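Fit chain B to the supplied structure of chain A, relying on the hints for placement.
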Amino acid sequence: MSLWPVVIAAGALTFLIRLSFIALLANREMPPVVQRALGLVPPAVLTAIVFPELLVLNGQIAATLDNHRLIAGVLAMMVAWRFKKIMPTIVVGMVALWLLQWLDR
Amino acid sequence: MVVRYSVTQPLTTARAQFFSGLKDTSPLLVGAAPFGIIYGVLAIAVGIPQVMAQAISLIVFAGSAQFVATQLIGAGASGLVIILTTFIVNLRHALYSASIAPYVRELPRTWKWVLSYLLTDEAYAIAIAHYRDNAGEPNRHWYFLGAGIALWGTWQASTAVGIFLGTEIPHEWSLDFTLALTFIALLVPVLRNRTDVIAALVGGFVAVAAFGLPYKLGLILAALCGIGAGLLAWRLRK
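Taken in order, these protein sequences are the chains called A and B.
Numbered per this note's numbering, the first sequence finishes at 105, counting up by one with no gaps.
Numbered per this note's numbering, the second sequence finishes at 1238, counting up by one with no gaps.
Pulled out of the complex, with its shape left as it was, chain A reads as follows:
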């Protein structure tokens, strides 16, 4: 079986999902409650991406101090909060994770 039709269909569907509301909501004003709901998408989605990365370890919830990713992630959050810059956040988080892993060998 050739993969090409599968790849093209998957790509087309992905594109259509991304285009969906951009095309549909083109010419209408949205009610305030919908606007408010859409304004909450970034905070809700971003933590939904981040939290499991920090709190789920090997398929289990690990809210403990020996969870290196959790400690490094919280540190990175503090850096992000204080300096509001992406690069220092990534660098501090990564160095913290390496240090913790190295100390724990």
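Any given hint could turn out to be false.
With a straight-line cut-off of 20 Å between C-alpha atoms, the simulated DMTMM-like cross-links for lysine to aspartate or glutamate are [said to hold, decoys possible]: (1) Lys84(A) <-> Asp1024(B); (2) Lys1023(B) <-> Glu1137(B); (3) Lys84(A) <-> Asp1196(B); (4) Lys85(A) <-> Asp1024(B); (5) Lys1238(B) <-> Asp1196(B); (6) Lys85(A) <-> Asp1133(B); (7) Lys84(A) <-> Asp1133(B); (8) Lys1023(B) <-> Asp1133(B); (9) Lys1112(B) <-> Glu29(A); (10) Lys1112(B) <-> Glu1137(B).
Hint data in this document are derived by calculation from the structure and do not stem from the laboratory.
Since the structure is predicted, the reported quantities are computational estimates derived from the model, not experimental observations.
Using the frame of chain A, we list chain B on its own:
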């Protein structure tokens, strides 16, 4: 005597917005590149031909979906299963589409199509923050385009590196953590008030509780719960 004034470009020209988008996205590329490399390596490892592996990055252009699809291809899943799974994994982009729609509604159709193609998690996060923090500024879609192109280029190039490198980055380097850190950096600026924080906390904890759900369904459920909690908090405060 002729006095020459240096003319500084305001951030409102298309060109300035575009380069500003490129520049603001550049730190994110550190987080995105390792993933492209890992994807390329994985695709070759499960036996996807090189041209096909690169074409998937071009045609689908969606990190998590590509990882899941690659695993399914490796496991010999049918085409229909692969297509359906990609669809479910990418459903969260409908939320991004709805959220960014009000800002791009005046744009011509070609623009909407191009920006939709570029609407990844990272492009969404960086573009929506710019739209919200610079209300009324013209040419913000050029910023979105700059950010999208930077991420697109990185994804294509890092896929190619992974394909030709062919060897796994050592697991102990934990380079996959850069992606979580990237989203941490993107999260903080969007927390503007108490309602945002409530939405964020509920979204985050529901996602942890629902991590067992397959195909990012936990993420979608969590986002909807977070939005619902935020709306409720907003209603109660009024």
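List of violated hint numbers, smallest to largest: Every hint satisfied by this model.
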